[in-house]
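Peer 1: Sequence order for the protein chains is G and B. For the first sequence, our numbering assigns the number 3 to the initial residue and increments by one for each residue that follows. For the second sequence, our numbering assigns the number 520 to the initial residue and increments by one for each residue that follows.
For the record, the hints were derived by calculation from the structure and aren't laboratory data. Note that the structure is predicted; figures quoted are calculated from it, not measured. Any given hint could turn out to be false.
[As the list claims (entries may be wrong)] List of simulated lysine to aspartate or glutamate pairs, DMTMM-like, C-alpha gap at most 20 Å:
no., chain 1, residue 1, chain 2, residue 2
1, G, K12, B, D615
2, G, K232, G, E108
3, G, K12, B, E602
These are the residues of each chain, in order.
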Amino acid sequence: MLNVIKWRIKIYLNNKVIIALFLIIPIILTLWMAEDINKKGLGQMIVNIIDEDVSEFSKDYIEKIKRDESITTVQIPYEEGLQEIKKEKISAMILIKDGFSKNILEGKNKDLIELVYLKDNYYVSSFSDVFVHHYFSYIAKYRNINYVLSNYGNLVDEEEYIKKYENNYEELNNSDSYKYEFSLVEVDSGEEAYQDDNNIILYRYLLGIIFLLSYILILIQSIEFQNNKKGIVKKLKLSGIKWFINSTGNVIGTVAPTFVILSTQLTLVNLIINKSFSFNIILYTLLFSFSATLITVVIVKIFKKSEKLYLMIPYYILVLWIFGDVLFNLEFISFLDIERNLIPGIGIKGIITSFIMRTNIDILSILYDEIIYILLIIIGLGIIEYKEFKNAAS
Amino acid sequence: MLLVEFKNFTKTYTKEIVLDNISFSVEKGKILGIIGPNGVGKSTTLALMTGLTKPSEGNIYYNDKKSFNKILGFVPQDNALYESLSGYDNLSFYFDMLDIKGNKKEKISEIGEYLNIEKDLSKKVSQYSGGMKRKLDIAAALMNNPEILIMDEPTAGLDILTRNSIINLLKKINREEKTIVFTSHYISEMEDICDKIIFLKEKKIAFSGRKEDLTNYYKDFDRLEDLYIYLYNE
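Construct all of the structure, not just a fragment, from the sequences and the given hints.
Peer 2: As structure tokens, this is what we get:
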């Protein structure tokens with residue numbers, strides 16, 4: 003098997019153009035982005051905070067917001083804040099409503115806060131939304147809910163309340179939780195998107211491109227994996243090599259360089275932008291690379307090979323479609339209620355977001371889903387490989 | 520001496536008969552040619568011979584079945600090379616995969632020299648001509664020093680000069696006492712080098728024998744090409 007792995011990696015690394023295109027360029031892009039981010043600051047938001055509740059809870063909440071390095075807070079009246087948002091002088095306005103603390107203690111979690119922001123700011127309802135999620139929805143989901151619920155849990159001693167809190171927390175994490183917490187007010191400036199001077203969209207889009215390139219890289223590997231394979235498989239079969247050894251060696255040899263590339267990109271992004279290192283992220287990257295490669299090999303095997311890159315465009319779209327979770331943005335299939343985390347590689351966007359947003363993600367749950375998917379794909383790939391090997395002569 | 524003998528074998532794929540009740544044998548040190556138009560079952564015959572697929576009916580008798588794969592060199596119809604690798608790396612790949620013993624460099628150099636492709640081995644296969652790729656395929660098949668070389672249409676798609684060069688190469692290999700079995704569309708090649716020719720027609724053997732037997736049997740035809748046209752134009 004070692005020979006199979008060795009040759010698979012050698013075939014992969016032999017293609018210098020691909021290495022240049024899909025490893026060096028993304029790294030250059032990352033470095034360029036990092037320099038730009040360092041100059042302008044990443045997603046530095048000016049947020050106007052209005053505290054109607056004026057309680058210990060609301061003060062604590064404001065303190066937590068202020069601790070976020072990416073947020074600069076101001077305190078101006080509501081109407082003035084609206085005008086500033088329209089002029090894009092400030093990014094958003096957080097209105098802590100009267101009764102905030104009372105509602106928390108009563109276990110209520112709706113309409114505690116009003117979030118006002120420019121409709122087009124940080125939000126693109128176009129192709130790039132494949133990579134870009136709504137900025138404020140993430141704030142809501144990962145920061146404020148945690149805050150509200152954790153306070154609730156800490157202040158209520160009764161066991162049944164704590165249990166209720168845990169249930170609520172779970173439920174909220176599995177849904178569009180920001181709807182429960184915020185009343186969202188979108189302000190329309192009357193101008194088109196991309197007008198804001200904040201580059202978050204661009205950065206996320208570029209990060210998306212890095213991963214898009216990675217996907218294409220995986221596809222090209224798969225093409226190479228398929229290239230002239232029938233003749234080679236025939237000869238290998240005659241040599242007495244077992245299909246299991248050949249298939250496993252090929253898959254490992256394909257996954258290994260992909261993992262190196264993806265983890266290099268991710269680690270670089272993490273180090274450059276976040277200046278921190280996370281073992282969990284690396285572990286997830288390994289699994290993501292593995293599952294992404296496996297699923298791509300399966301796709302190419304099912305749809306057959308093509309040596310011409312332009313003929314592979316439908317596959318790019320297909321892979322993007324799957325990995326980009328566009329599928330789940332289509333309302334007409336929303337009735338299926340598919341668990342989005344079950345799609346391999348889907349969690350990578352959560353990781354990108356966490357890099358930029360500095361939010362916490364439930365990496366263990368993503369890993370768990372990913373492992374299940376990897377096992378399923380391995381079984382599917384094994385069946386395909388077995389049939390291919392067995393029917394090499396037909 | 521018989522290396523392999525087929526007796527009354529039939530091959531079906533999903534109920535469709537691909538080869539129907541065929542019998543023939545391969546003798547050591549001889550060149551056997553299998554000819555016929557596309558879809559007549561030439562590749563299937565070779566697949567059965569190599570053991571890549573099993574017959575639905577009938578028997579195959581190997582002189583020594585256990586070691587048949589070890590004495591076999593196979594050149595498939597579809598190019599079995601990695602285009603992004605050099606000729607040398609492709610041979611090196613098969614050296615490793617076939618678990619060949621000995622010095623790799625020397626072996627590759629020896630085969631390269633033998634087939635007169637040594638100077639091109641450092642180039643990438645994607646830069647090779649069709650004829651060069653075929654030669655490299657043959658070189659890969661010779662890596663384990665086989666006694667029998669089985670080739671599926673080694674001259675398909677090549678120009679006449681390159682075809683001629685491949686045929687000369689086969690003659691050279693045969694002079695080393697190696698048995699050769701190959702399929703082709705070109706009767707002139709068969710006429711030139713084969714000790715025995717099998718005409719496959721409608722999934723059966725239309726004729727099997729030496730070239731002389733063939734011309735004796737079909738006396739009206741001066742040239743085998745005319746006979747080919749006669750047989751397959753009916």
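Peer 1: Of the hints stated earlier, which fail here?
Peer 2: 2
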